[in-house]
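Enquirer: Sequence:
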Amino acid sequence: MERIIDNVEFKVVKTIAEGGMGTVYKAMQKGVEGFEKTVAIKTLLPGLSRDQKFIDMFIDEAKLVANLVHENIVQIYQLGKSEGSYYFVLEFVSGISLHEFQEFHNKIYVQMPQELAVFITSRIARGLAYAHSRLDQTGKPLKIVHCDVCPFNILITTEGLPKLTDFGIARAANLAQDNDSISGKLPFMSPEQAEGNDLDFRSDIYSLGIVLFYMLTGNCTRDITADFDQILLAAVENHIDWDKLPLGFDNDLLKILKKMMAKNPDDRYSTTQELARELEYFIYRNGYGPTIVTLSEYMRKQMPYLFAIETPETGKQIPGKHEKTMKISF
1 MERIIDNVEF
11 KVVKTIAEGG
21 MGTVYKAMQK
31 GVEGFEKTVA
41 IKTLLPGLSR
51 DQKFIDMFID
61 EAKLVANLVH
71 ENIVQIYQLG
81 KSEGSYYFVL
91 EFVSGISLHE
101 FQEFHNKIYV
111 QMPQELAVFI
121 TSRIARGLAY
131 AHSRLDQTGK
141 PLKIVHCDVC
151 PFNILITTEG
161 LPKLTDFGIA
171 RAANLAQDND
181 SISGKLPFMS
191 PEQAEGNDLD
201 FRSDIYSLGI
211 VLFYMLTGNC
221 TRDITADFDQ
231 ILLAAVENHI
241 DWDKLPLGFD
251 NDLLKILKKM
261 MAKNPDDRYS
271 TTQELARELE
281 YFIYRNGYGP
291 TIVTLSEYMR
301 KQMPYLFAIE
311 TPETGKQIPG
321 KHEKTMKISF
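First residue of the sequence shown: 1, per my numbering; consecutive thereafter.
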């Protein structure tokens, strides 16, 4: 069999999120004999689809990460184009973003448990380690860099599984976003990224360190209310307010944080796998520690509304026919 031509239909259930790049929908992929699969569909704004430089990088990056299959990475199923606009079909994640998870704690004035913060970081480090170590068909490193490791791009499923999303999108997105859009992510950028230099996996390690700091303190290391130039300068100069860490903070964890967030990339971890091992040793050094079950049970206790059974929702039909590429009309 050389190819399969089939009718594919999506039923939009609801809008999940809207942003500067487009809209994300929850949808049901329909098949024969009553088959259904829940997916997410991420559409790009028509204006971005007309920006050829953006689209070229967008497509290149999407191809680069198409075969990333890891439990801590949101998988991309399909890249398509319909009526001049590009879209992704993605793994659907039932849960919340890390940003929402942290904001929940901030609003009730409760610190996220340290062991859960480190556990989440260790799982994302494992996902990054997998991506950073991928090789092409000739055995050469693909040199994949996420470029936007931040709380908005980390999701936590109701099963307690942390997942990193937007692989293949972040680098292209930086071309299309203005200062207002980028300023929200600046606090999580490495100094070399803020300076506009070439990046490698060590930039992702730095950003993940800022994310861990954010979970441990409830605050970012930089003043996110400042104007763009001030935040940019703080990122370039690697300004970190270590005094935000609680009194009696574990010295071993502090060493890990400082190594992750070293200004010079050469002073950071030599591989993301090395970082993941250190984080795992820290949380399991006594022979036991948190698991996805621990995180899920914590979420169920603190945020029971996340586990409510969703009632059937109506949505509009999205007919489509594809020959390796689905055509979807909205």
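A few of these clues could be false.
Stated by the list, open to error - Derived lysine-lysine pairs resembling BS3-like cross-links, with alpha carbons at most 30 Å apart: (1) K140 to K259; (2) K81 to K11; (3) K107 to K63; (4) K263 to K140; (5) K11 to K63; (6) K53 to K63; (7) K11 to K37; (8) K143 to K63; (9) K37 to K301; (10) K107 to K53; (11) K107 to K11; (12) K30 to K143; (13) K259 to K301; (14) K63 to K30; (15) K259 to K244.
Claimed, not checked - Simulated restraints, written as ranges between beta carbons of each label pair: (16) M303 to T271: 32 to 38 Å; (17) K244 to E83: 46 to 52 Å; (18) D266 to K244: 34 to 40 Å.
Hints in this document: simulated from the structure, not taken from any laboratory. All C-beta atoms in this analysis are idealised placements derived from N, C-alpha and C, irrespective of residue type, glycine included.
Enquirer: If a hint holds in the structure, say so; if it does not, say that too.
Expert: The hints, checked one at a time:
Between the alpha carbons of K140 and K259 the distance comes to roughly 28 Å, so the proposed pair stays at or under 30 Å and holds. A distance of roughly 17 Å separates the Cα atoms of K81 and K11; the hinted pair therefore holds under the 30 Å criterion. Restraint check for K107 and K63: not satisfied, since their Cα atoms lie roughly 40 Å apart, outside the 30 Å limit. Note on K263 and K140: the hinted pairing holds, with a Cα-Cα distance of about 28 Å set against a maximum of 30 Å.
At most 30 Å may separate the alpha-carbon atoms for a hinted pair to count; K11 and K63 meet this at roughly 26 Å. Taking the CA atoms of K53 and K63, the gap is about 16 Å. The hint holds against a cut of 30 Å. Of the pairs offered as hints, the one joining K11 and K37 holds, with about 10 Å between alpha carbons and a cut-off of 30 Å not exceeded. At roughly 13 Å between alpha-carbon atoms, K143 and K63 fall within 30 Å of each other, so this suggested pair holds.
Proposed proximity of K37 and K301 is supported: the alpha carbons are some 28 Å apart, at most 30 Å. For the proposed pair K107 and K53, the alpha carbon gap of about 41 Å is over 30 Å, so the pair is violated. Proposed proximity of K107 and K11 is contradicted: the alpha carbons are some 35 Å apart, above 30 Å. For the suggested pair K30 and K143, the alpha carbons sit about 36 Å apart, so the restraint of at most 30 Å is broken.
Our distance criterion of 30 Å between C-alpha atoms is broken by K259 and K301, whose separation comes to about 34 Å. Taken as a hint, the K63 and K30 pair is honoured in the structure, with Cα atoms around 25 Å apart against an allowance of 30 Å. Restraint check: the Cα-Cα separation between K259 and K244 comes to about 17 Å, which is no more than 30 Å; the hinted pair holds. The hinted window of 32 to 38 Å between M303 and T271 holds, with their beta carbons roughly 34 Å apart.
Restraint check, K244 to E83: a C-beta distance of roughly 48 Å satisfies the suggested window 46 to 52 Å. A hinted range of 34 to 40 Å is violated for the C-beta pair D266 and K244, which are about 26 Å apart.
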